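**Student:** Listed below are the residues making up each chain.
There are 2 protein chains.
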Amino acid sequence: MAPSRPHVVIVGAGFGGLAAAKRLAGKRVDVTLVDRRNHHLFQPLLYQVATAALSPADIAAPIRSIFAKAANVRVLLDEVTGIDASKRRVLLSRSSLLAYDWLILATGARHSYFGREGWEREAPGLKSIEDAIAIRRRVLLAMEHAETETDPDRRNTLLTFIVVGGGPTGVEMAGAIAELARRSVSSDFRSITPHCSRVILVEGGPQILPSFPPGLSAKAEQSLRELGVEIRTNAPVREIADGEVAFGGERVAASSIVWAAGVEASPAAQWLSAEHDRLGRIFVERDLRVPHQDHIFAIGDTANVPGIDGRALPGIAPVAKQQGQHAADQILGRCSGPFTYRSFGNLATIGRKRAVIDWGHHQQSGFLAWLIWSFAHIWFLIGFRSRVVVGLSWLWNYLTYQRSARLITGTPQPHIRIK
Amino acid sequence: MAPSRPHVVIVGAGFGGLAAAKRLAGKRVDVTLVDRRNHHLFQPLLYQVATAALSPADIAAPIRSIFAKAANVRVLLDEVTGIDASKRRVLLSRSSLLAYDWLILATGARHSYFGREGWEREAPGLKSIEDAIAIRRRVLLAMEHAETETDPDRRNTLLTFIVVGGGPTGVEMAGAIAELARRSVSSDFRSITPHCSRVILVEGGPQILPSFPPGLSAKAEQSLRELGVEIRTNAPVREIADGEVAFGGERVAASSIVWAAGVEASPAAQWLSAEHDRLGRIFVERDLRVPHQDHIFAIGDTANVPGIDGRALPGIAPVAKQQGQHAADQILGRCSGPFTYRSFGNLATIGRKRAVIDWGHHQQSGFLAWLIWSFAHIWFLIGFRSRVVVGLSWLWNYLTYQRSARLITGTPQPHIRIK
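Residue numbers (my numbering), protein chains in the order written: chain X, 1 to 419; chain G, 1001 to 1419.
The set of hints was computed from the structure by calculation and includes no laboratory data. For clarity, every value in this text was computed on a predicted model and none was experimentally measured. You may find that some hints are simply not true.
Stated by the list, open to error - In silico DSBU-like links for lysine-lysine, alpha-carbon gap of 35 Å or less:
hint	chain 1	residue 1	chain 2	residue 2
1	X	Lys-127	X	Lys-22
2	G	Lys-1353	X	Lys-69
3	G	Lys-1127	G	Lys-1027
4	X	Lys-353	G	Lys-1069
5	G	Lys-1069	G	Lys-1087
6	X	Lys-27	X	Lys-127
7	G	Lys-1127	G	Lys-1069
8	G	Lys-1087	X	Lys-127
9	X	Lys-69	X	Lys-127
Said to hold, decoys possible - Chain X regions said to be covered by chain G (calculated; three or more residues, Cβ under 8 Å):
hint	stretch
10	37-43
11	46-59
12	62-69
13	73-79
14	160-169
15	297-307
To be verified - If you only want the chain G side, here are some residues facing chain X, beta carbon under 7 Å, derived:
hint	residue
16	Arg-1074
17	Glu-1144
18	Ala-1405
Even for Gly, the Cβ is constructed at its ideal location relative to N, Cα and C.
Based on the sequences and whatever the hints tell you, model everything.
**Tutor:** Given below as structure tokens:
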């Protein structure tokens, strides 16, 4: 590596890290992109893997393939364990040290149980392909067991699914589970019928989709109810134990509980002893640099960046992408100064045929919003093949109500325990 | 269940069990199809999942969906643990007993290590989706680790892949690994190049594809060599330990060892204390009935049925399908008498563009054979959607040399150990 070409290390190949690496590809820098996974994951569609509509490979692309033609980008499968900022070195789990001239931290977020870590085992979250396959397995197994269960109470429990958290992820997940349990598979079973299934969406605050205007939030609520989802607002979860969720004044037993109530940043702030908010996001400078670290940028879910309203920008793909590009442009000397987020609207979908979009000045809901949502998601999928496959899978699901990826995998003898 | 409608229990939803259930669907019988998996697996293409060309859901279909419209077919996710033939009952792991009037055993086969069970951990076989994902993970991880390995000996070991067994499965697997390691991913890596990789196919007998005529076998050998596969015949494996395979006069260390050397029947013969061959297959009557059990049929890999040459029919899908139909027809009173297998040819493929077909009177090899092989496999895939997706995936792989399902999943911190 000639000393005249600066070495940029990017940690994390999510939307932010990928956008930065793409911006730096082919430029007069050497780039090393480190991720502990070999694939970039299109997380906005992960809930569709969890609900058997798509296959993992449809929404994941090998990071190496994305940069096959970028000779100055090296991809490294490894896990970062710390940073020695004084010597400008990244510490790795498997390989030797990695020296950098510039460092971009795009390490993303993981579920947060806000101090109730014991809840994780009962109510898994949805961040990785393994998470999605585990949830898919649990939901499908519950229906299989319900088919042969003769005790009505136990059958009801098997067919009860609870989603905790009424943000976009929770809303999408609840809608998709309701479609799966109440529509797609109903003709396949002999004993259970659609109206046996209960899907409950639990939200601590006064409305679902709290980041959307109340009008759209009400539309989303109505659409979910039409799909058969029961909605509980102002119902903070008090306890999750023994397959039961206690929320508001209720306590409900369920076969599957999905956690969509919150995330926290990866431990990047701790690596640098940097100041962070309560979710672990580093309070970066307005140009995305970590304070006192001129050569380190933090982006995406790793950073707390205030928007025009003073509140932190949300943890969504467009924010991370634009930040990755902004960090890369500063390294290339193309621009300097504060990052400003350009919003193209806020989207959430509710099952087949319905979505809500907040353009800011204008709002959209219903079938047209769903079409826009679909095209936007297919368009941004990495790789032409994924676009075609996902597009066709959706068309197929739409026309037939079938779910094509209904596989229970993991162990040869599947058992689940309910109360 | 009215007593006038006989109850047929089918154990196993592989090719044989599925064919029997389809033949009985809509007829004046009640059918219960038991499988410990929720999906039928198109095993002939499983090696393509192991080598990252297809996704699991592309070659698997939920058993329930297949029989959604057959009101007289009930699907049960459970594992059979034994049979009480005197009381005509099947014993299950999870549910209660299942009484039958007719029983069809189509329980299939599993790997056999011929008494060397310790080899299984070192050299996994390929029978389930989990097997395929584990092999995929191992092969892809080996290449990732080779990319950063600086010691040349260790790098060579990481890039050495051994397939044990020169039957159709071993030949297809070796060809597919060679394409993956030497073609598809070569531009994605910076340090490793195609000629670093070694793929060795080890066969104990004098020729690969022993069930094919020597001329086709030689053609297959030549095609494999052109793909870069090293072939060792007359090289029975003496030992597999510590990541090394000892065969013939050699001992070679490898990162991935795949077992394709043999299978044995599931324990159905033991359930009935029936006479069986050394692979565990029941010696059935010529009408496929288990001796002394007028109401029990054994088919597919569970049964030893002599062909016209006196040797047992091979464990391939067409044999199992025709036997399933024959058993069902006898239950329906449509026919009686001995089963005769009608062969439509014997196929094996060797990577992209090459295959061999033995029609008996005529032989075919090369690109045309590969086209026929492709169409045959797509045609017999369960479900229209799978056909479309697999067809498109193949076209895409063919045109671009890409492998679209290159995901390493399982644990967040992947490590593999080599000697």
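**Student:** Name the hints, by number, that the structure is in violation of.
**Tutor:** 8, 14, 15
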